[in-house]
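Protein chains in written order, with our numbering: chain A, 1 to 701; chain B, 1 to 701.
Please note: incorrect hints may appear among the correct ones.
When chains are identical, the list treats them as one kind, so a pair holds in a single copy or across two.
Unchecked claim - In silico EDC-like links for lysine to aspartate or glutamate, alpha-carbon gap of 20 Å or less: (1) Lys450 with Glu622; (2) Lys450 with Glu684; (3) Lys610 with Glu635; (4) Lys232 with Glu511; (5) Lys101 with Glu80; (6) Lys22 with Glu355; (7) Lys532 with Asp689; (8) Lys318 with Asp276; (9) Lys532 with Glu106; (10) Lys223 with Glu467; (11) Lys101 with Asp353; (12) Lys644 with Asp534; (13) Lys318 with Glu444; (14) Lys101 with Glu370; (15) Lys232 with Glu680; (16) Lys644 with Glu607; (17) Lys318 with Glu260.
No wet-lab data here; the hints were simulated from the structure.
2 protein chains.
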Amino acid sequence: MLQPLFYPESIAVLGASRTPGKVGHDIIANLLASGYGGRIIPVNPAASEVLGLPCLREIKQAEQKTDLCIIALPSALVLEAVRACLDAQAGAITVISSGFKETGVEGAELEHRIAELCQSHKVPLLGPNCLGLINTENRMNASFASRMPQPGCISVISQSGAICTALLDLAAARHTGIAKMVSIGNKADLNEGDLLIALAGDAQTKVIIAYLEDITCGDEFVKAATEASSKKPVIILKSGTTVAGQKAASSHTGVLAGAEIAYGAAFMRSGVIRADNFEALADYGALFAMQPLPKGKRVLIITNAGGPGTMAADAVEKSGMTVATLDRNTASALRQKLPLAASIGNPIDVLGDAEPDRYVAALEAAQEDEAVDAVIVILTPQAMTKPAETARAIAGCHKGDKPVVVAFMGGADVMPGREELVAAGLPDYPSPERAVAALKAMVEYAAWRKRPPRMVARFPVNRRRVERIITRRQRTNRLQIGEVKAKSILQAYGFQIPQGYLASNVGEAMEIAERIGYPVAMKIVSPDIIHKSDLGGVRLNVTSSEAVADAYDLMMLRISQRAPEAWIEGIYVEKMLSRGLEVIIGMSRDPQFGPMLMFGLGGIFVEVMKDVTFYLAPITNEEAIQMLMSTRSYEILKGKRGHKGVDLAGIANGLQRISQLTTDFPQIAELDINPFIVGESGTEPVVADARMTLQAPGVTR
Amino acid sequence: MLQPLFYPESIAVLGASRTPGKVGHDIIANLLASGYGGRIIPVNPAASEVLGLPCLREIKQAEQKTDLCIIALPSALVLEAVRACLDAQAGAITVISSGFKETGVEGAELEHRIAELCQSHKVPLLGPNCLGLINTENRMNASFASRMPQPGCISVISQSGAICTALLDLAAARHTGIAKMVSIGNKADLNEGDLLIALAGDAQTKVIIAYLEDITCGDEFVKAATEASSKKPVIILKSGTTVAGQKAASSHTGVLAGAEIAYGAAFMRSGVIRADNFEALADYGALFAMQPLPKGKRVLIITNAGGPGTMAADAVEKSGMTVATLDRNTASALRQKLPLAASIGNPIDVLGDAEPDRYVAALEAAQEDEAVDAVIVILTPQAMTKPAETARAIAGCHKGDKPVVVAFMGGADVMPGREELVAAGLPDYPSPERAVAALKAMVEYAAWRKRPPRMVARFPVNRRRVERIITRRQRTNRLQIGEVKAKSILQAYGFQIPQGYLASNVGEAMEIAERIGYPVAMKIVSPDIIHKSDLGGVRLNVTSSEAVADAYDLMMLRISQRAPEAWIEGIYVEKMLSRGLEVIIGMSRDPQFGPMLMFGLGGIFVEVMKDVTFYLAPITNEEAIQMLMSTRSYEILKGKRGHKGVDLAGIANGLQRISQLTTDFPQIAELDINPFIVGESGTEPVVADARMTLQAPGVTR
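Build the full structure now, drawing on both the sequences and the hints.
Here you go:
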């Protein structure tokens with residue numbers, strides 16, 4: 001679909017100009033300079049030629065249809081120009097001009113009309129407010145960035161034109177090749193998802209790197225990113241993390257979940273590799289572009305100096321990868337080839353006076369060894385060191401079945417080596433730590449690619465019952481669902497809840513208690529009271545009929561004093577739960593990515609330590625288990641120092657049931673089961689307390 | 001003292017050689033090439049001249065005494081050569097040769113003899129197994145690193161010659177100047193501490209950066225580093241962190257404390273700025289060398305693109321610094337100078353088409369504004385951007401009273417700008433994140449420099465009593481001190497312990513319980529039993545005389561069954577404690593740095609969450625409070641959601657008392673007060689259980 005955008009046979013530039021520095025001039029100059037072979041058609045009513053090319057007064061004068069129309073006119077003229085392009089049967093349109101959504105409501109309105117117009121004609125629109133695009137395959141620099149990159153296999157998507165130019169500049173300095181670069185600007189029509197799909201299908205692109213400030217549509221993004229990541233690595237730098245607005249939330253889960261966490265969950269689900277900063281984006285991109293994925297995470301380090309070798313080993317260990325142990329045979333074979341003082345461990349220290357041959361011996365050994373998944377080669381510029389020769393030797397013996405990354409440490413002296421390495425497809429980093437970070441990203445992505453197929457379980461549930469409760473509540477605008485109703489919703493989705501009934505007077509309370517057996521818990525039921533226990537609305541461990549009566553009357557008295565306005569439905573009398581570990585499971589609906597499931601250990605773990613994990617729904621059983629394992633308190637769950645562990649499967653099951661419930665009912669905005677009481681392995685966990693919040697009617701996310 | 005090393009008027013090279021590539025040749029060549037103006041005296045029995053210089057057969061032929069003798073001979077000849085140098089009244093000796101401690105026991109023995117010899121003559125010895133040293137002030141490259149750096153104010157200490165050369169190479173590429181560079185090698189005599197002191201007193205040195213793999217003597221290091229840091233910034237990259245050996249430890253504190261934590265504590269105490277990786281060492285060094293310390297931590301960001309501005313703001317927030325708010329007057333004055341579309345917040349966005357003048361307007365405003373402590377200037381290479389001119393303009397309006405750091409993002413296009421910046425004393429970083437990290441290091445160091453004077457409190461204690469207990473235990477080799485004796489030691493140091501007595505039979509136990517009042521706790525006392533409760537040796541909440549008798553007999557029965565070999569002293573009967581928060585305070589003696597104090601919240605916080613802090617003893621009250629505040633669980637200590645906080649002063653006091661105890665008694669290897677029960681503010685905390693381990697007699701650390 002994006003063929004006319006990336007591979008146009010003709011390009012019209014509306015707003016073509018003869019003045020250097022003007023966008024309408026520079027784009028044409030860039031197209032010419034880059035060697036674009038198609039027709040270039042300047043359009044400007046006031047000029048007869050631009051840069052030696054004949055100029056049309058209007059696009060409708062074009063004799064044939066134009067594949068790509070680039071509009072570089074003042075924003076007020078853009079709508080008209082788009083219409084003219086569509087009339088002239090443009091295959092794709094790029095609006096470079098700014099003055100749209102980024103300037104306020106009027107601009108947004110104009111932008112919206114342009115996008116609608118293009119969409120109604122099924123013509124893809126890039127921009128507005130963008131830099132344009134570059135394709136090195138057909139030598140097309142259809143942007144106003146003057147630097148045409150060398151051809152390569154990394155494609156770039158960027159929401160910021162400045163990041164595009166900075167990346168192009170960095171790529172030039174690092175001799176990195178680019179396949180395609182797309183500046184998506186305001187994303188009125190084509191957004192990151194569309195381009196991920198397009199580039200995933202592009203034969204020239206081996207790696208996609210992207211800079212994003214926001215995401216147009218969460219669902220679409222997750223789908224597109226998953227599809228793209230399943231074919232090739234997608235590395236994203238997402239800015240604006242800490243400034244993410246806090247939304248008002250009434251549940252624990254809601255308070256803990258923020259936009260930043262939602263992006264993390266969406267990236268994890270989609271297999272997106274996250275770059276934490278600008279350098280990491282380029283660092284990771286280079287490694288994925290040049291080297292194969294590793295089979296595992298066992299890393300071997302080769303160095304000509306002890307200190308940097310230790311730094312690398314430290315970094316490998318901290319990253320969660322493993323410092324490989326050489327096979328005994330490999331080690332003894334290598335021993336023959338290196339001087340006696342060399343260390344044949346991991347790191348392999350080829351010593352300060354190492355010439356290229358020692359690096360070759362060590363790298364060959366590492367590549368042959370089955371116990372090694374990836375290799376880091378470190379060089380420091382010492383008296384005898386020959387960076388360029390060593391680089392060439394490393395490149396010469398690099399087999400290409402395992403990733404090899406290089407860290408030539410230093411500056412001026414190692415620079416020739418660095419260039420040779422990159423030319424030979426070996427990524428070089430200025431420090432061991434950056435080499436390790438890039439390798440770590442690769443190990444994680446390789447693991448994601450090998451993940452089992454996602455199988456989301458569907459439990460048999462009573463969906464009708466939940467539908468009825470929710471519909472009634474939304475109709476009457478009672479959006480806070482308290483404990484009793486929340487529990488019946490959860491029960492309809494297969495959760496075990498303690499036996500209990502609502503009592504409207506003392507007699508009923510006593511009767512219920514007798515029927516279900518002591519001890520019982522008693523809790524006030526009122527749509528107006530959220531923090532029941534703060535107002536004296538909860539009594540636990542009530543052990544006799546008289547105590548039930550006392551508790552009932554006292555609770556009613558206290559509530560009438562402390563919350564005289566509250567409408568009281570009655571008092572809920574339920575069987576006291578046996579002891580167990582208190583955990584919290586919940587859901588908060590992210591405006592972008594929909595239901596995010598939360599898990600954490602109860603009390604201080606959640607409140608003080610923030611030791612919680614989030615995952616996008618729907619969730620598989622493996623992912624639910626993964627959620628438990630990614631908390632630091634997992635040690636407690638699985639048992640420690642003589643204490644038995646708890647029923648992990650029960651928690652995972654609960655998370656999947658919430659996943660199903662909140663996927664079935666987009667009306668649920670937030671849900672908290674807190675605490676969810678979990679017993680020993682084999683027992684079924686029980687919902688001790690729960691709460692939900694519904695969306696206002698009509699809101700679907 | 002190190003004058004002859006750094007400023008020799010004559011340098012003899014023993015092992016001078018005519019063969020390029022040999023160390024004895026290259027050092028002389030480097031001395032000549034660097035423009036060293038003193039006398040150079042090659043010494044070699046087999047040569048009459050080296051590199052055009054007349055060569056002595058032996059050092060004793062020298063007519064005058066030689067300030068610096070550099071020995072580059074095979075290790076077997078070094079002892080004899082050192083002796084000859086000392087006889088010839090050398091002022092300082094550098095042994096370049098390897099083949100010493102790093103090769104094993106024999107080498108270590110040889111090295112030790114050489115060091116002793118020099119020390120007995122009071123002649124400083126650098127090395128062996130080192131690269132030599134460089135001083136740009138007197139143009140002396142007395143090393144075999146061929147690259148002579150440009151003069152500057154950063155001095156380098158490195159335990160690895162390879163890191164020296166890598167840093168020199170990096171400095172050349174980044175146009176960074178160096179004052180002195182010292183490769184300390186095996187540190188047989190001169191170590192990091194000596195050189196910190198020397199460079200702290202060196203007028204050319206403004207910043208010290210060091211790469212260390214170990215530290216020769218913890219106490220000396222802390223003293224030297226504190227002295228140096230009090231004069232100028234000391235930045236250290238310490239490798240070998242995760243591979244630090246785990247020592248056998250019996251206390252909680254001992255298990256949690258490792259060499260890595262001890263280094264962290266020592267650096268914190270000494271004001272040392274820690275670099276986490278090779279690039280950070282150079283990054284931080286450059287900033288400290290070029291810019292003044294900030295007065296506070298409020299950072300203003302100036303950018304010509306939104307995305308990178310947001311990245312910088314994110315990084316500032318995450319680092320713990322503050323995104324500054326411009327003063328209203330500054331903001332409105334700036335508004336006049338920038339286009340309407342520019343954003344006058346923080347970041348200040350001067351827009352993509354910004355020419356140098358807009359950067360100047362923004363930087364001038366930021367420098368004038370009292371609400372700004374530091375400035376980060378970001379530039380991305382866009383169509384209209386003029387990196388070199390902008391760099392020159394920034395440099396031109398930089399006033400120098402607040403730190404200004406720059407991030408020119410990109411590569412080839414921004415490079416000319418980068419060079420202009422560095423030439424003008426403005427450090428430039430390739431990404432906003434690295435600029436922020438360097439600034440953060442500076443903010444922390446500035447705060448350390450402004451710390452109040454350290455006042456370690458001395459509490460009145462009964463030192464004699466503790467001395468008696470410890471001496472007796474060491475004499476009889478009973479090094480594990482159980483609860484009862486540990487409590488009496490702590491009581492002698494002013495800790496409150498519950499009232500309690502040792503009972504040797506049932507009758508005594510009942511009598512004690514009656515006397516101190518119910519409820520009581522009962523605990524088995526045996527030097528052979530460490531985990532009392534695991535064997536049924538603890539009963540809590542015993543509430544009557546009969547229950548005391550039952551508990552006594554049952555406990556004795558169980559212990560006789562479960563630990564028949566254990567020698568039983570009796571059963572300790574003590575007053576049950578009222579409830580409170582359980583914390584752990586303890587001490588583990590680090591082999592390098594001596595007593596390290598530990599604080600953490602009890603139970604899972606320590607065991608699972610590892611939420612603990614360490615500090616070197618002796619500790620001040622401020623530092624003790626700081627220890628509490630640096631745990632994540634501090635929120636619980638100070639009270640949260642209606643819960644009252646605990647007596648923070650009581651915990652801080654306890655830590656100071658342990659500090660005094662373990663400083664007074666180096667015989668104590670480990671100490672754990674677990675739990676230390678802390679009540680509400682104003683109450684005194686109580687030692688609920690405690691344990692100590694003594695050093696074997698004769699061991700002092």
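Consistency of the hints with the structure:
1. Lys450 with Glu622: within (14 Å within a copy, 52 Å between copies)
2. Lys450 with Glu684: neither (32 Å within a copy, 58 Å between copies)
3. Lys610 with Glu635: both (16 Å within a copy, 12 Å between copies)
4. Lys232 with Glu511: neither (65 Å within a copy, 79 Å between copies)
5. Lys101 with Glu80: Only inside one copy: Lys101 and Glu80 sit 18 Å apart there, 81 Å across copies, limit 20 Å.
6. Lys22 with Glu355: The answer is between: 15 Å across copies meets 20 Å, while 54 Å in one copy does not.
7. Lys532 with Asp689: within (11 Å within a copy, 38 Å between copies)
8. Lys318 with Asp276: both (17 Å within a copy, 12 Å between copies)
9. Lys532 with Glu106: Classified as neither: same-chain Cα gap 48 Å, cross-chain 76 Å, threshold 20 Å.
10. Lys223 with Glu467: Neither. Shortest intra-copy (28 Å) and inter-copy (72 Å) distances fail the 20 Å Cα cut-off.
11. Lys101 with Asp353: So Lys101 and Asp353 pass the 20 Å test across copies only (19 Å; inside, 61 Å).
12. Lys644 with Asp534: between (33 Å within a copy, 15 Å between copies)
13. Lys318 with Glu444: So Lys318 and Glu444 pass the 20 Å test inside one copy only (14 Å; across, 24 Å).
14. Lys101 with Glu370: Neither, since 56 Å and 35 Å both go past 20 Å.
15. Lys232 with Glu680: Cα proximity of Lys232 and Glu680: none, with 43 Å in one copy and 58 Å across.
16. Lys644 with Glu607: Between copies only: 16 Å across, 25 Å inside.
17. Lys318 with Glu260: between (24 Å within a copy, 13 Å between copies)
Consistency note: the structure conflicts with the earlier hints numbered 2, 4, 9, 10, 14 and 15.
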